[in-house]
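**Q** Produce the complete structure using the sequences and hints provided.
Taken in order, these protein sequences are the chains called A and B. Numbering of the first sequence is given in numbering that gives the first Met the number 0, commencing with residue 0 and proceeding in unit increments. Numbering of the second sequence is given in numbering that gives the first Met the number 0, commencing with residue 0 and proceeding in unit increments.
Since the hints were derived computationally from the structure, they do not count as laboratory data. Honestly, I wouldn't trust all of these hints.
Same chains, same names: a pair is fine if it fits in one copy or spans any two.
Taking lysine-lysine and the DSSO-like style, the derived pairs with C-alpha atoms no more than 27 Å apart in a straight line are [to be verified]:
id	residue 1	residue 2
1	K86	K305
2	K22	K203
3	K203	K324
Number of protein chains: 2
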Amino acid sequence: MTELTLRKIDDMHLHLRQGAMLKSVLPYSAKQCARAVIMPNTLPPVLTPKDVTRYEKEINAAGTGLEPLMTFKLVASTTPESILGLKKAGVVAGKLYPEGVTTNSEDGVSDFEAMYPVYQAMEKAGLVLCLHGEMPGAFCMDRESAFLETFKRITTDFPNLKIVLEHVTTQDAVEAVKKAGPNVGATITVHHMAITLDDVVGDKINPHNFCKPIAKRPDDRDALVAAATSGNAKFFLGTDSAPHTIESKECACGAAGVYTAPVVLPVLADIFEANQALDHLEAFTSINGATFYGLPLNEETITLHKKSWDVASSYDGVVPFMAGKTLAWQVV
Amino acid sequence: MTELTLRKIDDMHLHLRQGAMLKSVLPYSAKQCARAVIMPNTLPPVLTPKDVTRYEKEINAAGTGLEPLMTFKLVASTTPESILGLKKAGVVAGKLYPEGVTTNSEDGVSDFEAMYPVYQAMEKAGLVLCLHGEMPGAFCMDRESAFLETFKRITTDFPNLKIVLEHVTTQDAVEAVKKAGPNVGATITVHHMAITLDDVVGDKINPHNFCKPIAKRPDDRDALVAAATSGNAKFFLGTDSAPHTIESKECACGAAGVYTAPVVLPVLADIFEANQALDHLEAFTSINGATFYGLPLNEETITLHKKSWDVASSYDGVVPFMAGKTLAWQVV
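**A** Right, here's the structure in full:
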């Protein structure tokens, strides 16, 4: 196949940042995505209806045409009473970060059961609960698996709450999502389908492939690829594209996050093609996520040509995933 | 205990580099070490008697008093006939790097059995075989365990060849060394007793804690500490202290190696004290290695005081292990 046309994609997990960084990165997502679920772990975080409105306005003011699907951050002080106001402000989901597990999660949740009244209010309001599924304090390679007990408890206790296990990285997590009820889905990133820990610390150390959760073993990556390419409606794209300046990556204490926005569809087309699953690509990028969130499918389309191109070494001071590599597919 | 006096230490695995870097790092090892086994993976490598003599001269010319125990690098073209000449040039050991597993190992060995005639010549000459025990191509966390079959075969086939499994990092490797014959020992580094993969990629990404073999799981670290602090004569210090400039670490493609030379004894004293094993520290640092190599014990002593000090953030452009941290023990 040399040409590929599909519905414009939905990125169900995206970090856009604020200010100059937002203006710089948003066009690369907008080129490929019709909509994106916007992560709320900005500084300050998106906690209140006012925060939601302010952040949504900032995104829309950039004028790229990408429709932001807004979220709020669940913190210990989030009350059940606040949920309706957030819903009215337009959020589609609330994002729960366990305390300290990733960028700007110092105010994350440590007692997951204490939040039950909030989950209940979200269930009632028809909001999605997005979980960063890592257990604080566990060894980095075990952190996701260690969270699955908590995940199972919440998904079982709230069968009518839509729950997304974000950026799954392990065989264990894929299996747990498959076994969970119809209220449960999972996002998979582009980079976790493409790399393992070997691409972070296997040869040299590459901070641009460093993210949370950390990329795992080859078997885990294969399980993610199998889930994404299977067409199973529980699994959909959430890139977790997370830009950091080159200075905050190439240092003694580098930030977590892989900036995939400029290469999302070309890399995915490569992976799906290699797995004889190009016919399932649109389900993964443009149907399963929208269906799970209860959104109409995008009508606009996007076309890729098989025409190789070299990924830039940097986009406005941010090193992208696959920097300097040649990719086979190109967005027209 | 507030003062600790022991025989000056032997570092049975040390990278000194060449030129300006050698002059910069050697004094920090010389301050604590009487002798050190000098790794031959320089550029160009130490392959011939002439290389050995040239490199030894360069080290001695620095005039630090540290006695270099010279080694040569085993490569595919190393012949059994060359071993006697190397022995006469003064080497104590030959170092085998599997192809591509670490810094400057592109010319390493890929067929371990093809080297049997060389091992035989080394056995006859009374030289030690030092193995970098990682299997090329295996997943980074499995690379050492994947090498153990090869290790077992060589150690069994050459019961009279002294063999050191260098910088062991896993429970598996510790067990394999314990089970092996009296011809087999292992070095353990300071940093592998102090860190796990969490200190490389658990929170932020820290290139200064990145080395080969990569630091493993908490259970693995505990097994190393148990082996080192047990007094078992098979286990001895080999720091693998490996300086790289800050530019070659804090970049998109950072080099492997932890620079521990300036902090070796203070960090070890901390670890041994925390494990109620200060009475075994001298065996680990100054007796077991010398005995294994058949060398007389160092007569000169070194004293540590319990007096806290802050590790510098950089030594001549090289970031040390524990940079900026406060250590409890200080070399007088």
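**Q** Hints first: check each against the structure and report whether it holds.
**A** Right, here's what the structure says about each hint:
Neither within a single protomer nor between protomers do K86 and K305 lie at most 27 Å apart by alpha-carbon distance, with minima of 42 Å and 59 Å respectively. In the homo-oligomer, the alpha carbons of K22 and K203 lie at most 27 Å apart only across protomers (26 Å), although the nearest pairing inside one protomer, at 32 Å, exceeds that limit. In this homomeric assembly, K203 and K324 come within 27 Å of each other (Cα to Cα) both inside a single copy, at 17 Å, and across copies, at 25 Å.
In summary, the structure is inconsistent with hint 1 from the numbered list given earlier, while agreeing with all the others.
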